[in-house]
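Here are the chains, one letter per residue:
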Amino acid sequence: MPKAIQLTLIVPAILLFVFLFAMFPIVLQADQQWHWNEGFSSIRDYFAGIGSGESFRYLAGKTELSFWEQIGANFKTTLFYVSIGSAAGTLIGLLLGVYFGVSRREGLKRFVELTSVLPDFVVIILLQFLIVFIYSKTDWLVFEVASTSRDDPAIGLPLISAIIIPANYMLRNVAMHMGHTLSEDYISYAKARGLGKTYIVFFHALPNVLPYVKADLHKFMGIMFGNLFIFEYLYNISGLSMMVFNNAFADEGYQYSLVVNGVVALLVLYLIVYAWQRLLLYGIEKVFAR
Amino acid sequence: MNNKTLLTGLTITILMLLATLFGPYLSPHGADEQLKIHYDAAQNTVIAPPAPPGGEYPLGTDKLGYDMLAIMLDGAKYTILLSVAIALFRVLIGGIIGLILGYYGKEKKGRTGQFSMWSLLNGIPVFIIAWMIMVGISMNPSVSPAYLAFLLAVVLAIIGIPSVAATIQEKAIVVREKQFVLSAKALGASPWAIVRRHIFPSIKENVIILFVQEAVLVLGLFGQLAIFHIFVGGTVRYLDPFLPPIYISRSNEWSGLIGQARNMFYVYQWILLVPLIGYVLYIVGFHLISVGLEKKYKKKYAKFAQI
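One line per chain: the protein sequences are A and B, in this order.
Going by the numbering used here, the first sequence opens with residue 1, and the numbers climb by one from there.
Going by the numbering used here, the second sequence opens with residue 1, and the numbers climb by one from there.
If you are wondering where the hints come from, they were derived from the structure by calculation, not from laboratory data.
All values reported here derive from a predicted model rather than from experimental measurement.
No residue lacks a Cβ here, since even glycine has one placed at the ideal position from N, Cα and C.
Misleading hints may appear alongside valid ones.
Stretches of chain A that chain B covers, calculated by requiring three or more beta carbons in the stretch to come under 8 Å of a beta carbon on chain B [claimed, not checked]:
no., stretch
1, 81-89
2, 108-117
3, 167-173
4, 268-275
Straight-line Cα separation of at most 27 Å, DSSO-like style, residue types lysine-lysine; simulated pairs [what the hints assert, rightly or not]:
no., chain 1, residue 1, chain 2, residue 2
5, B, K299, A, K137
6, A, K109, B, K36
7, A, K109, B, K298
8, A, K191, B, K185
9, A, K109, B, K4
10, B, K171, A, K191
11, A, K109, B, K296
12, B, K185, A, K219
13, A, K214, B, K171
14, B, K171, B, K63
15, A, K76, A, K62
16, B, K295, A, K219
17, B, K171, B, K299
18, B, K298, A, K219
19, A, K219, A, K286
20, B, K204, B, K185
21, A, K109, B, K299
22, B, K204, B, K4
23, A, K219, B, K204
Working from the sequences, and respecting the hints, build out all of it.
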């Protein structure tokens, strides 16, 4: 199949997936029966509502809002955290990963590995605990624990968590591949030629680690997007995932069209961040690989 | 055994398993025993839940007056046994599929890091898929907690199978290319015999480590779902027109206890800390087992850094 046809087929396929995915809460309900008819009629209603604009209105509590008016600010907030988190996470993770791959400080390595198995929400709750603890001991509020309103958002702590969770994953990945790469024969050859340690690590080993990082990008992004839901919710940040999944069940029940629109917006966000990550990796490759 | 990591991990896990099985018979309070608001004449005070840790309640009570130790032990069977069961199911089914695909399937070609539109779906996290499936049937359900926990287990197991199968397939393909598989084939061994006697034994260690890691992943999913009010065994939701809704776990499963108390870092911190510590300890136990096993197995093969 030519590439163009593949692409034109795959977009409707993904949309179909989203439509079916958003149907779950309608089809599966508390009475333990399948509600297929209601599920498919909600898809029909969605298409019927596109013309009248009904599919782009949703309830937040009891107020009706327009999807197009709300999405801008929420999308921007989420994009802010994800783009900074992914870029800073990649850079920090890469550098620390190189360090961890080379160093022999086993205790430190073990500690980092331990923190990386803790689920993201545990890390966030522990950070919040730490802030409260420091405040109760010293009266010094390092960061706000969570946003209290949209005008007074907590930025410091969410940004830190948005960075350390992807950074931690990147670090482990890079350190592991660094360890493998450093055991290769061309490294000992470079050493025998009398090249410096730093030079070998950054110009012989690192360029051979970067392809793994690139291949793992989707997994990296998957972890970041999973984390996104958790941390917007725990820090009470009004971003994309909060807008969709906090209002998914409004006063009158499940809002099918909001979830469909929200998931599509999420996938658009994924595309943007993916392009941004590829650009970043391209830049890094330009620096280290020749 | 000269492997302290593995030993520590096994000790933690076995102790928790024993507590799950025998704890409820030994704990001072029952899971349905409630500390009610009452007047203590001897001390001339009104005693109201939550009671802090220490004294009569070693880990304190929650807001409704239930003993934390008792409800932790009550919920432990879900956290501890169900997570292991789901991981086992994932590895068993995913492993069989992976071995078959690894033996018959073709090696994946293509450049690394290529973009296909399907990878867009990575943007939808796994726990959100589980959430969407469970949210309709988990809120104020009519069925028993055990049945609902079983349903969630089936959903989580099925969701995890593809990634396990892919991992096993990758390993199986590597082994398939080895000389001894070729010789077995030349001797006329059937595909089933090759998979059973040659491919499986050489990736056995990886399967065991994968199982432990899957258990940790399942626990993470329990927790993420609980943050969004889907508790293992179902959620009781109290709607109040003037207050935010209250969500209570029906099964006292640990991540459910964390989820229902997730705002407790200002006051009554033990209500959040006690289940959180239990949950983290259990994950750490599994992690140590996995690291210990890796250490044990990899000592034989690993090459060392030249620098």
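Status of each hint after checking the structure:
{"no.": "1", "hint": "81-89", "verdict": "violated (count 0)"}
{"no.": "2", "hint": "108-117", "verdict": "holds (count 4)"}
{"no.": "3", "hint": "167-173", "verdict": "violated (count 0)"}
{"no.": "4", "hint": "268-275", "verdict": "holds (count 4)"}
{"no.": "5", "hint": "K299(B) - K137(A)", "verdict": "violated, 46 Å"}
{"no.": "6", "hint": "K109(A) - K36(B)", "verdict": "violated, 48 Å"}
{"no.": "7", "hint": "K109(A) - K298(B)", "verdict": "holds, 17 Å"}
{"no.": "8", "hint": "K191(A) - K185(B)", "verdict": "violated, 43 Å"}
{"no.": "9", "hint": "K109(A) - K4(B)", "verdict": "holds, 16 Å"}
{"no.": "10", "hint": "K171(B) - K191(A)", "verdict": "violated, 32 Å"}
{"no.": "11", "hint": "K109(A) - K296(B)", "verdict": "holds, 18 Å"}
{"no.": "12", "hint": "K185(B) - K219(A)", "verdict": "violated, 36 Å"}
{"no.": "13", "hint": "K214(A) - K171(B)", "verdict": "holds, 21 Å"}
{"no.": "14", "hint": "K171(B) - K63(B)", "verdict": "violated, 50 Å"}
{"no.": "15", "hint": "K76(A) - K62(A)", "verdict": "holds, 25 Å"}
{"no.": "16", "hint": "K295(B) - K219(A)", "verdict": "holds, 25 Å"}
{"no.": "17", "hint": "K171(B) - K299(B)", "verdict": "holds, 19 Å"}
{"no.": "18", "hint": "K298(B) - K219(A)", "verdict": "holds, 25 Å"}
{"no.": "19", "hint": "K219(A) - K286(A)", "verdict": "holds, 23 Å"}
{"no.": "20", "hint": "K204(B) - K185(B)", "verdict": "holds, 21 Å"}
{"no.": "21", "hint": "K109(A) - K299(B)", "verdict": "holds, 18 Å"}
{"no.": "22", "hint": "K204(B) - K4(B)", "verdict": "holds, 22 Å"}
{"no.": "23", "hint": "K219(A) - K204(B)", "verdict": "holds, 25 Å"}
Of the hints listed earlier, those the structure fails to meet are numbers 1, 3, 5, 6, 8, 10, 12 and 14, in rising order.
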